[in-house]
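Given the sequences, and given the hints that come with them, work out the whole structure.
Line by line, the protein sequences are chains A and B.
Per my numbering, residue 1 is the first one in the first sequence, and the count goes up by one each step.
Per my numbering, residue 586 is the first one in the second sequence, and the count goes up by one each step.
Straight-line alpha carbon distances no greater than 25 angstroms define the calculated SDA-like cross-link-like pairs of lysine to any residue that follow:
1) B:LYS940 to A:ALA329
2) B:LYS940 to A:ARG407
3) A:LYS306 to B:LYS892
4) B:LYS689 to B:ILE705
5) B:LYS943 to A:ASN80
6) B:LYS602 to A:SER11
7) B:LYS1150 to B:LEU1205
8) B:LYS892 to B:ALA852
9) B:LYS859 to A:GLN293
10) B:LYS866 to A:THR348
11) B:LYS1194 to A:ILE116
12) B:LYS881 to A:THR348
13) B:LYS636 to A:SER71
14) B:LYS940 to A:TYR198
15) A:LYS76 to B:LYS943
16) B:LYS749 to A:SER447
17) B:LYS958 to B:CYS781
18) A:LYS76 to B:THR625
19) A:LYS239 to A:CYS257
Quick caveat, the hints were computed from the structure, so don't treat them as lab data.
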Amino acid sequence: MGSIEAAKNQSNLQVDTLDDPEVKASLATLRQIVSSCMGPHGKIKIIQNASGGPITRTTTSSRLFNSISLSKPVLKLVVNSVKSHVDQFQDGGLMACLFCLLLVESSVESDINRSILADLFQVFYEIIDDYLSSEECACKYEMDFSNLDAMMAFVQNMYDSKPFCGLYGYQLEEFSRLILQTFLQCIPDMASSKASFYTTRIYLLCVKHEDMNFSQNLSGLVLEYPELSSLNEKKLSVKRSLDSVDCDRIKVALINCSMSGDVESELNANCEVATGMDPDLFFTEKILSFCYQLVTKEVGLVLCQKVMHPRVKDYLRSKGVLFIDRLGAMPIPYVQDVTGASPIGLLTDGPSDGMFGWLDQVEHLVINNQSYLHLQEVDSCIITLVLATPEDDKLDELKTTTLGVLRNLERLIIQPEVLFGGGCWNTHIAAYLRHHVQENMESIAESHDCMESMVTTAADMFAKCLEKIAMVTSPEGMDHLIDLTNYHVWRVPKGEIKDTSSIVKSSSIKCGCNVFDSTTVSDFRFEREKVAAKVSKFDPTRLNADGISCYIVSDSLAVVNNALRIAINTASSIITMGQFIHDTN
Amino acid sequence: MAETTKVTLKHLLDISKTLKNIVCRSFGPRCQTTLLATPTGQIMVTTDGIKILKSLNIGHPIGRLIVNAVSAHHNVNADGVKTFLLYLCEFLHQLDKLGDNSPKNLISVSKSISKFMDEILPKCLENFKSNGLFELNSELFFPLELDHYLTDFIKTTLTPNLRKNQVNLFSKLFSSVIMNGSNSLTKILERADLFCDFFEYLHVKGTGPYSDSKVISGFLLRPFSCNFHDASKSSLNFVILRNSIEGNKTPEPEEVVRITSEDSLNATIMSPIKVAEEFLKKLNSSSVDLILMSEKVPQFVLTLCRKYHISVIVCLDDQEINLVEMLSSTPSLLSVFEEISERNIGQTFACERIKFGKCVYTNIHFNNCLYVKSFVLCGPTEGLAHELSSLIYKSFRSIQASATKKEASSILSNHVTKQTSISDTKVAISEDLISKHFESSSTLNDRNSLTKANISDAKLDEMEARNLDSAMFLRNKYSSKEADISCSQITGSVQMKTENAVPLPTEVDISSASIVDNWPQHFDSSATINDGRNVIEKSENIRQESTYNTLLLPAGSYFEFQLAKYIRQSTENFKESEFGDLGKLIFETLLAVPRSLHSNLCERNSNDKRHFLEILQEVLNSDSNMCLNSRGHVYCPSENFDTLESFNLKMATLCNVLQLIQQLLRLDLIIGVKSLKPE
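Next up, the structure:
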């Protein structure tokens, strides 16, 4: 029966603008959701669709945005932008989203021409970007890889700000240590024979386990192995042979084509067969003769991406060759990295010696009633990180967070700069921006054909948005102070301090990032106070890496920089939109 | 059942006003963008008038008529949609204000438009030539100056869509691609042609900040399927294959293989392997390191490629292969059984794997086309990156459309009197083609004066036949398979017209122009099948056959102000009996653009209108030529200016609007045919 595509119906257009109360309300709702997820005191969100589907609990941006579906086009635009940032950095999504929404909301409230405002936002970003990448920047330090305390603090911070991972106290410390250890182990030795890898060298294996402390790292690769019992670990005797330097090792063949013996799928055609002929049998024989060649070449382990014919399995079993079939495409690059094998795609030709890989040891493992094969190779720096949690939902959250942590650590090798976290970099660069804009007021106003008062208002609005991000990560019932020396943020219980001069100078009172104590700063202001139009001087203390304690809270500079950029670009696009046309038909 | 609705001026005005109100929010350098969302949830953020109009999916016949006319105008000129609507709406508004809406009066206005276009407009070029028209050609300008003018011109296109620093970035990138050390306008136009035809393959899009966008030299292909060539080699030999390595192109979906014996089965299984091995062996002996091919490769071929140290890049589409053939002057192999001669083997001097964001590409530099560069365009979201790429494409199209053959005056008179679009003239592949083209367009234009009611089916058939004639001509000219495409495209466009049933002059222009507008593709693809090298020689000579120039004007309503002044003068302050009233109408129509621009540039305040009237008085009474600057104040552009726009575009827009109005004023009835629902 044929079908005729229905002609496109006439449009039924709904035209909104950014000033519509409904649009404003939807922006505020998303802002509230995002801001309440942020930081160590963030609240976990439960997401379920209207028809009662599965529930997702999360505080991470990637899982949050993947589970909610938005109806307002403007929100979709924000979320899509943030997703593009998260895809690349796997961190800082909530911050980017919140900053973007704050900028949009305050622009809507403001009476400055939005096109000029969008241009000014770009100027402010450039000022911040220049400052953050300059030597002058006093809110960053260079991560020293030999300072394990600082590295640990960095990892712990990231897990700490994802409360649904459920890591606290001792468990948090242990888990962070495990991740850091895994990361350091997978860095290849300079003298390593292998120059390039197909993978990131860390294979994540997620298992359901009652005890989160069961999470561990195993050198080599752990693959599912349903061939053996999933109750007891069995001692395996694998055929060994001598490699090119006469070491006794296990020869591995990696096959990425089907060994099922199905002629029709091989030829990609239907067969019309004469009576008495069995093409599948004929083809299986060909595969068997290929296996025979593997056996004669003393292969000990055959790994096949696709399906193996039972006769092929029987044959290999009878010859004492271990095998895994149905590996799938995902672990293949890891197998290539750990064994050094090249995938074989042609079964009618004898494999050449260069295509085989080598392993030092193969062991049978049982984890949570599942049978696994542990492929070990001393020289490879492939690590299997086993993540264990009791629930699927938590496992996903832990996996997402761990990927983000590993990605951040990896990036630190290339760009080792980190910012003072806990809201301190936000207030610091907000103060810098105010100061810099005041200093260069004339040139900014002139190059953008606008009045100086407009620039001041826009800069203040922008700085306020930055400061607001610092505030949302605090627990409830806190007052926020900003010191006037380093411009870091200080949190005190609400109502405890009425007057900034009454703050006790003590080394136990620390700023948001735990770098400075109240003895090192001279004066404070309340965050809610209006900032004096003229910031007279900006001369904060510059720390060197030695002053970094193990309690420091830090954020990756690369992530923050990109998140700010994405947020500003998106906010600029949104505020210059005159109308949202929605075809509802 | 038929239902009739009377068409009045009020209808026309209402519909054009609605369209204008939606689209013209995005008019001017400080405009607002429009976010369009489809029912399926796709989002598009744009300031591109034509995109907004098309996605509105207008149902009203008059609305559709206007949208079709605007898109026809856009197809040729690549820009000017919002100005088009502003002119249209203002003209109808002014006409409505006059009060006499009787059909008799409307028809008399319609008639006098033709006369006005014949008699007054052609004279205005001379006026512009003596008043600040910049004529760009390689003889008159130093490279730096040429670069400067082009950058200013591109900035005008980019400004409404991007922020200031982004405009600077992209205009620099753009000029680095199109100038690339060249000082000749002809070369620049050739490059614009290349980018317009193959833009899809000369850029890649990614998500990320705008500032990550860049230009890289060479050409970007999809990543290696396998990378087995000798890494120490600095230059690679490659072949292009339009078939699969194992012999047969894509197999039939329901192919049946008859197997009678083990031998035949063995032969069936082994034959593709043998064919692939033979071919790879042959390549290996000819020292080929790389295969660029149109099909996929199965796993066993990759294993064989490893054996012979040959790398493969797969799944290139037809157009991409055409481009590679053209750039590298290497004809492709149509089958693996073909003899590989020396000319089938091309050379690249660099071929490396590069990564942008999540995507991996192969960057290839062909030995004999060092000037080719590719864009890497980044936007915060996929949609914004896509928008950016269409903006860059639009810039190339504007450059292409702004160029005319050097005999500008004759072209302009052609444009105005024959009412063919200006860009038609740039397509001058041969005198034959031009004469044929003009023949077809002028015949079609004769039909412009016909009203809807007078058009018979027979005449439409005749139009179609004429277009087909042109296609046949193309087919004969290049004697290639590819001409079929042009033929079908032309028939397609004619069908579009017959469906609409009202032959708009602008549409007619387009249909005839589209024959030639697409010519480089026909030309390239057809000729590459015969001989790749031949193509290169020809493509390099394309623009040299005649000298081109580009007429530019300062932006900021310079065109409108000067033309309005000129019309006032030539109609003796609108007192002349023949064109006085129409002159006044067009005068007011032209001023709609500076009025909108002024309110766009000025910050919102209540004195806008008064300020504009003051400006208008100043400009109209001044002896010098003035226009608006970026703050919405008047200035004299002869001193300094930083934005330029195409004179051709402006003129084409005005002419096309006037032609459309001519048609609209003669509309009488809408006859709607309702289908009876089966019971």
